[in-house]
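Asker: Assemble chain B onto chain A, guided by the hints.
Next come the chains, spelled out residue by residue.
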Amino acid sequence: MNARPLPLLTAAATIALFVTLAVGLASQSAPPPPLTLFSKDGRRSLAVTLVGGQEFVALDDLASAFQLAVRDEAGAITVSYKGKTIILTPEQALASVSGRLVSLPAAPARGAGRRWLVPEEFVSRALALIYDVKLDLRKPSRLLIVGDLRVPHITVRYDPLGASGRLTVDATPRSLGTVTQDGDHLTIKFDADALDASSPLLTLPAPQNLITGVRVVDQTTIAVDLGPRFGSFRSASQPVDATMRIVIDVVPAQTDTAAPGPGTAPGTTPPPPSQPSQPATDVPPALSQPAFAVRTVALDPGHGGDDDGVHGASGVKEKDLTLSVARRAKATIEARLGIRVLMTREDDRKVPIDERAAMANNNKADLLISLHASSSLRASTTGATIFCAEFDKTTAQAAIAGGVERVPAFGGGSRDIELVLWDFAQTRHLDQSTTFAGVVEQQLHEHIPLAARAVDHAPLRVLESANMPAVLIEMGYLTNPGQEKLLAGDAFQNTLVQALYDAIVKYRDAVAAGGGR
Amino acid sequence: MSPRALAIAIVTVATAVLAYVLFIGLPRMTTKANVKRTAAIPPVSVPAPPGRKIKAHLFYVGDDGTRLTSIERDVTYGDSAVEQAREIIAAQIAPAASPLVSAIPAGTTLRAVFITEQGEAYVDLSRELSSAHPGGTVEELLTVYTLVHALTENLPAVKAVQVLVDGKEVETLAGHVDLRRPLPKNPAWVQ
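Line order of the protein sequences matches chains A and B. In this text, residue positions in the first sequence follow the working numbering: the first is 1, and each later residue adds one. In this text, residue positions in the second sequence follow the working numbering: the first is 1, and each later residue adds one.
So here's chain A without its partners, still in its complex pose (with noise of 0.2 Å):
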């Protein structure tokens, strides 16, 4: 009687620690891509380990890819570099750079065999500050550069043009590319080192079929895979602030009647679309477009998923508000002005700040409207502001500077360059974001209540990454009872919707005729 219930348990108890033991390693998710240094003398992996959300590298791991001696005592952990040093400090997210105080994302965490493991940010805010070379650290890439090597990010962008299409291709920072035609697709070279992209660049559905795809060819090569309608092409480079930008035309065949101008010979460059030298008949109206006109337009609907946002008093979130106007005004846009709108959600989802102004910026949005509504501890606090960002002194000077190398960060000390332009890209376009922000507030005042300074600036995190004008609409109060009936309203959504879509057109038609950049 006895001798039976024990191998039974004892079955049942491993069978329960297999179980436990596979969900608990199909539960763990899968470890972040490792970061690929890449140097002169080549490229290696750098391995990255996910402790609490946050992406970790390996100190030892950095010493011996930097040279760098690392001693562990007295509580504190010392990374010292040709007579330089940081200290950093167990369950502290603080390092001393050559007694400069510097903050991290996260404090040292100890990973597997006790190694030290550090934020992957340690590389960009503290050994940039002692090391010797430009480190150039690019998360969404998972590269860092070491040295002066030119490693141009490249992004693309297809625009269909009626029967025709435009290929935007820019190249930051700045990097010439050369563009010729070899058969079945368009080869671009770069003057660069290597490419900061990974392939496929675009893939396009088959209906245009002008064109089918971008791919990487090779270390400093892209190719445009051509499709079945493919007549010809011509192509011009200008540069844009820090980018190098290519455009490309393509145009189809049976339309293609007349021979290409002097421009269309391959591996040429004629000059900008903008301001074509010799216009070919045969070329669509929209090739000659004005080269900065509001094509596309962002919105921005705030927060969404387990991120609500404001509460208002009967149950209106802040969330389902947004992405309500939002969708109102997406269709009233693109329905009545034909121009293209994209928004950073579509449903009820969280998305990062980051990628809601990287959605803009990789999609080449010419303007992005961020769309909120407030809260205050006064119920009485009503009325819409429209926020641009703000940029103090300090920081809008090293923004600006863009040629030097290092510039004034957070904590003391200076940051990597690359990463300072993306944060602060929006220092280009404050003029202009300022304007924008007034045409609204014109098309605003006499449709909906606005606050005393209806026009505010602000250190906000989604427009200061924006490559565009930008501005953040806070729509009105969910605090105040009045306001939040009125806001969860059709009435006032398409009338701030109508507001909105006046708005871009004026600043459209201020764009197109010089007076808005």
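For the record, the hints were derived by calculation from the structure and aren't laboratory data. Predicted model, so just to flag it, every value in this text is computed and none were measured. Don't take every hint at face value.
If you anchor each label on the Cβ, the simulated ranges turn out as follows [said to hold, decoys possible]:
hint, chain 1, residue 1, chain 2, residue 2, range
1, A, Gly52, B, Glu83, 29 to 35 Å
2, A, Pro33, B, Ala94, 42 to 48 Å
3, B, His57, A, Ala313, 29 to 35 Å
4, B, Ala112, A, Glu346, 21 to 27 Å
5, A, Ala512, B, Ile54, 57 to 63 Å
Don't be surprised by glycine CBs; every beta carbon is placed ideally from N, CA and C.
Answerer: Only chain B this time, still in chain A's reference frame:
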């Protein structure tokens, strides 16, 4: 004098000199040094009198709900800039007596304050600063600038303030204001 008597005399004198040096000379020298050292550091070593206060400006939500208003209050004296910063922040985040309205969420506690040589203060507060925040751009701006102005207005050594939550750098408190770098004071947010 016999050689023996001479040796005894020399030993006696040497012993006397040694005894003087050991028991009288050295203690006198040591006492003088201590007196000098003690006299040099009384401001540091002597604790502040109990109940000593300074006048400080603290910041609360103004009547219109969109700007801060400044109120002068007595705050406990701190022996150093960091200690004074700690006392000011502790007073600022304490629950406000009606009719004052604080932009700091209830339950927020102070973890630590650091000040760099460049005048950047790092204020590390508990997670309630973010988790209990009601949200909204304006409210978030008022919360952040309450902390920024509490230190920059009262401590000339502090030029900018970065807010940390639970010991870590955060992007924002509620999805709006960029907290990845120290923010200087901005009088536009104070009435």
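Asker: The structure should be examined with respect to each hint, and the outcome stated for every one.
Answerer: Hints versus structure:
1. Gly52/A <-> Glu83/B: 29 to 35 Å: holds (32 Å)
2. Pro33/A <-> Ala94/B: 42 to 48 Å: holds (46 Å)
3. His57/B <-> Ala313/A: 29 to 35 Å: Holds - the Cβ-Cβ distance for His57/B and Ala313/A, about 33 Å, lies within 29 to 35 Å.
4. Ala112/B <-> Glu346/A: 21 to 27 Å: Check failed, 42 Å falls outside 21 to 27 Å.
5. Ala512/A <-> Ile54/B: 57 to 63 Å: holds (60 Å)
When each numbered hint is compared with the structure, a violation occurs for hint 4 only.
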